[in-house]
Amino acid sequence: MNVMTDPNAARKAWLGLLAKAPARDLAQLWAALDLKAPHQILRAPEIGGVMVRGRAGAIGEAFNLGEITVTRASIKLEDGTVGHGYVQGRDKNHALQAALIDALMQTDAAARVRDGVLTPLQATMTQKKSTRAAKAAATKVDFFTMVRGED
Amino acid sequence: MYVAVKGGERAIDNAHAWLAEERRGDTDVAELSVAQIREQMALAVNRVMAEGSLYDPDLAALAIKQSRGDLIEAIFLIRAYRTTLPRFGGSNPIETEDMQCDRRVSATFKDAPGGQVLGPTFDYTHRLLDFKLAADGEAPQAPSATAPTEPTPHIMSFLDRENLIQTEKTSETTPDDLTRKPLELPASRALRLQSLARADEGFILGMAYSTQRGYARNHAFVAELRIGAVAVEMDIPELGFAIDIGEITVTECETVNQFQGSKTEPPQFTRGYGLVFGMTERKAISMALVDRALRWKELGEDNLGAPAQDEEFVLYHSDNIQATGFLEHIKLPHYVDFQSELELIRKLRREAQDAMSQEAAQ
Numbered sequence: 000m001n002v003m004t005d006p007n008a009a010r011k012a013w014l015g016l017l018a019k020a021p022a023r024d025l026a027q028l029w030a031a032l033d034l035k036a037p038h039q040i041l042r043a044p045e046i047g048g049v050m051v052r053g054r055a056g057a058i059g060e061a062f063n064l065g066e067i068t069v070t071r072a073s074i075k076l077e078d079g080t081v082g083h084g085y086v087q088g089r090d091k092n093h094a095l096q097a098a099l100i101d102a103l104m105q106t107d108a109a110a111r112v113r114d115g116v117l118t119p120l121q122a123t124m125t126q127k128k129s130t131r132a133a134k135a136a137a138t139k140v141d142f143f144t145m146v147r148g149e150d
Numbered sequence: 000m001y002v003a004v005k006g007g008e009r010a011i012d013n014a015h016a017w018l019a020e021e022r023r024g025d026t027d028v029a030e031l032s033v034a035q036i037r038e039q040m041a042l043a044v045n046r047v048m049a050e051g052s053l054y055d056p057d058l059a060a061l062a063i064k065q066s067r068g069d070l071i072e073a074i075f076l077i078r079a080y081r082t083t084l085p086r087f088g089g090s091n092p093i094e095t096e097d098m099q100c101d102r103r104v105s106a107t108f109k110d111a112p113g114g115q116v117l118g119p120t121f122d123y124t125h126r127l128l129d130f131k132l133a134a135d136g137e138a139p140q141a142p143s144a145t146a147p148t149e150p151t152p153h154i155m156s157f158l159d160r161e162n163l164i165q166t167e168k169t170s171e172t173t174p175d176d177l178t179r180k181p182l183e184l185p186a187s188r189a190l191r192l193q194s195l196a197r198a199d200e201g202f203i204l205g206m207a208y209s210t211q212r213g214y215a216r217n218h219a220f221v222a223e224l225r226i227g228a229v230a231v232e233m234d235i236p237e238l239g240f241a242i243d244i245g246e247i248t249v250t251e252c253e254t255v256n257q258f259q260g261s262k263t264e265p266p267q268f269t270r271g272y273g274l275v276f277g278m279t280e281r282k283a284i285s286m287a288l289v290d291r292a293l294r295w296k297e298l299g300e301d302n303l304g305a306p307a308q309d310e311e312f313v314l315y316h317s318d319n320i321q322a323t324g325f326l327e328h329i330k331l332p333h334y335v336d337f338q339s340e341l342e343l344i345r346k347l348r349r350e351a352q353d354a355m356s357q358e359a360a361q
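Here the protein sequences line up with chains A and B, keeping their order.
FYI, the numbering for the first sequence is 0 to 150, going by numbering that gives the first Met the number 0.
FYI, the numbering for the second sequence is 0 to 361, going by numbering that gives the first Met the number 0.
Worth flagging that the hints you see were computed from the coordinates, not collected in a lab.
Among the hints, a few may not be true.
[Unchecked claim] If you want the footprint, here are the derived chain A segments under chain B, 3+ residues with CB under 8 Å:
| no. | stretch |
| --- | --- |
| 1 | 21-33 |
| 2 | 44-58 |
| 3 | 103-113 |
| 4 | 127-137 |
Backbone N, C-alpha and C define an ideal beta-carbon position, used for all residues, glycine too.
Here chain B stands alone, though its shape is the one from the complex:
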């Protein structure tokens, strides 16, 4: 029997009121400010900006507070807010060559111009809990040294000069935007990169790891990993020229991959590329590996049937907001759906039982 279900408003209101109370936690403990989250949970803020696909540290910090630290929920809030913004336009491509690098390392060339700059990294820490942080400490001070004036060129440009690396196609056409048009396959590299840049870090990490373990292995070296600030420039119609409209911190990873050559390409190194908002190097390295794996077709490689080579599998399952929306909806009321399933099972049961009792009677 079909039963219309209404009601639950009071339960919902009270649940949300309790959520607000639980969010605040023990009132004997000082409340977190948005600025504290922005400054002291910076890497969480960066992840929310990257996967929320909106660079605004204050908003990301607010979203983390509102979501009680559930980063996917925070990303959801940012994505929802993003859709309310009128689009003023698109920037000129950022010039990562001009980045003011906080960090810049290469696993391929020790003596690269500009040097190996570690920056504020977790690398080489011992991963031991630091109980000093649990006590009120003094603000630490980092040492300084004379900053070099020489530029920090991309390390790939040296390989490029020797013609040992696959060249990148250039074009000045406006790239497709998956926030404007649903993602269709096969996707251009531009769409793949946009999709990967906002994809779930865990998913992309797993995909990248699978290529390292042998599923479409392409043996990547991190030719360069750089993190730092770059200016964002946009053409302003009312001015008639381009101006800087902001500055963002990004992480860029360029991998150089072994390549034996294929039917169409000579033996050379190939590239994978990762570019992500904020200081997000695990994600940027992962993105570069997955980007490279997805390029098998244009490089004339064989399809080994590996998950990371399958753009439909990667691109359609890497968005944590799409995934969580579909996954979590199954907990919401499906009373009517289930009622019909129940009816069906009862009917099948009845038929089976009738058949059995008929057999027994014969």
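Chain A on its own, in the form it takes in the complex:
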């Protein structure tokens, strides 16, 4: 992801992280940050479905695979900054917190929020992924060829 080529890359990255992170981890980190961020709710949390699509033969035309549950919410900070949260699952608080963090990341508080919430959240997610990848790697087959005795 290159910020130079895509002006939205940074925001896209944090929104994606907030969507996929476990609600509990996010809630803990947010509480620990102890940041006062008065805001009003623009769009109350709403639970809905998103139709997930695949491609025929992995590369062909799109088809509908099935839905996932998603919760969304939007908030506005006192200075007018708007934040949107779209998160996987049905946790309304998760969506509100994501929206709030999205808004704060567009303000002077960005560095604090990044260090206190996003960076550790990303670290936990990366850790989980690499643990799984390491277990998968341990099940990789090492083929060896038997040498045929020709004498």
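Using the hints provided, position chain B relative to the given structure of chain A.
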């Protein structure tokens, strides 16, 4: 005589109260939590998500608890819940090429880049009951190894490069959705794949097996089977760009099938495709075989009259909620229907008897 039937409310209430008690079972045994089902009955949860057509492990686990482990009943609950959700939109097609694979095997190429990764599979187990599981055991720990950094490209892409495999049509149009419009025939491949992805595993397995046994045989190899996590990305109108809105585990199966060529196509390999929510490889392989069998028309093959080639037969009978709804409704009161049948039989009997006694009299 027509008799209006009302009542039964008390019997129904009491039946449901007993159902709740029986669901709980012996209270000396600890109650199952939804989280326990989600974590320890994961493959049942996956099946309910796949056939319920809604990816939400907590809801699927709850449905399994509520249905006392009757998975079709659980799928019914999920389908019913799904209809209550407002649709926020459709995702961009998931990129299975970028999957973080827990499992990735190929039956066609031993030395595929990325290797053969077995993952947490039942394959090569001896299918002997493990009585250690009946005792309280310690949590097992899987070994780790250094994870490779190389990508895991689709194995089909190698055949594609040599032009030995039929190409896939691409189009960026929004696919038809059978949850929005009733399924009409002939169905596009997109609709067939959607229908197969949520179809009953047992039915699709049977159909796939019939092609292997010779009913429209198309000799499939599993070119690749991969299971793992992929991101789900969707365009968000209020943002003006796409973001990841979640991550799901899917099973993808690509088959490569022998093809002698037809009136319209040169000899080449052809494809079957299976993609299913969760770790559901029996279903994904079955789906790929049935998808391939249903493609006879576009590949210019002969219709051999095999069940798996008949899209009406396959698509209209593969949905276990539709099937169970129609099948099970015959146990519900049909008193009036039956009363008229009874009247009819009595009348026919009477006429037959009258005719016989008349004959005897002559």
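Going down the list of hints, with the structure as the test:
Evaluation of the coverage hint for the stretch 21-33 of chain A: breached, as 0 residues show C-beta separations to chain B shorter than 8 Å, against a requirement of three. Residue count for the stretch 44-58 of chain A with a Cβ under 8 Å from a Cβ of chain B: 14. That meets the three needed, and the coverage hint holds. Counting residues of the stretch 103-113 of chain A whose beta-carbon sits less than 8 Å from any beta-carbon of chain B gives 0, not enough to reach three: the coverage restraint is violated. For the stretch 127-137 of chain A, the stated coverage by chain B is satisfied: 10 residues place a CB nearer than 8 Å to a CB of that chain, which reaches the threshold of 3.
Going through the hint list in order, the structure does not satisfy hints 1, 3.
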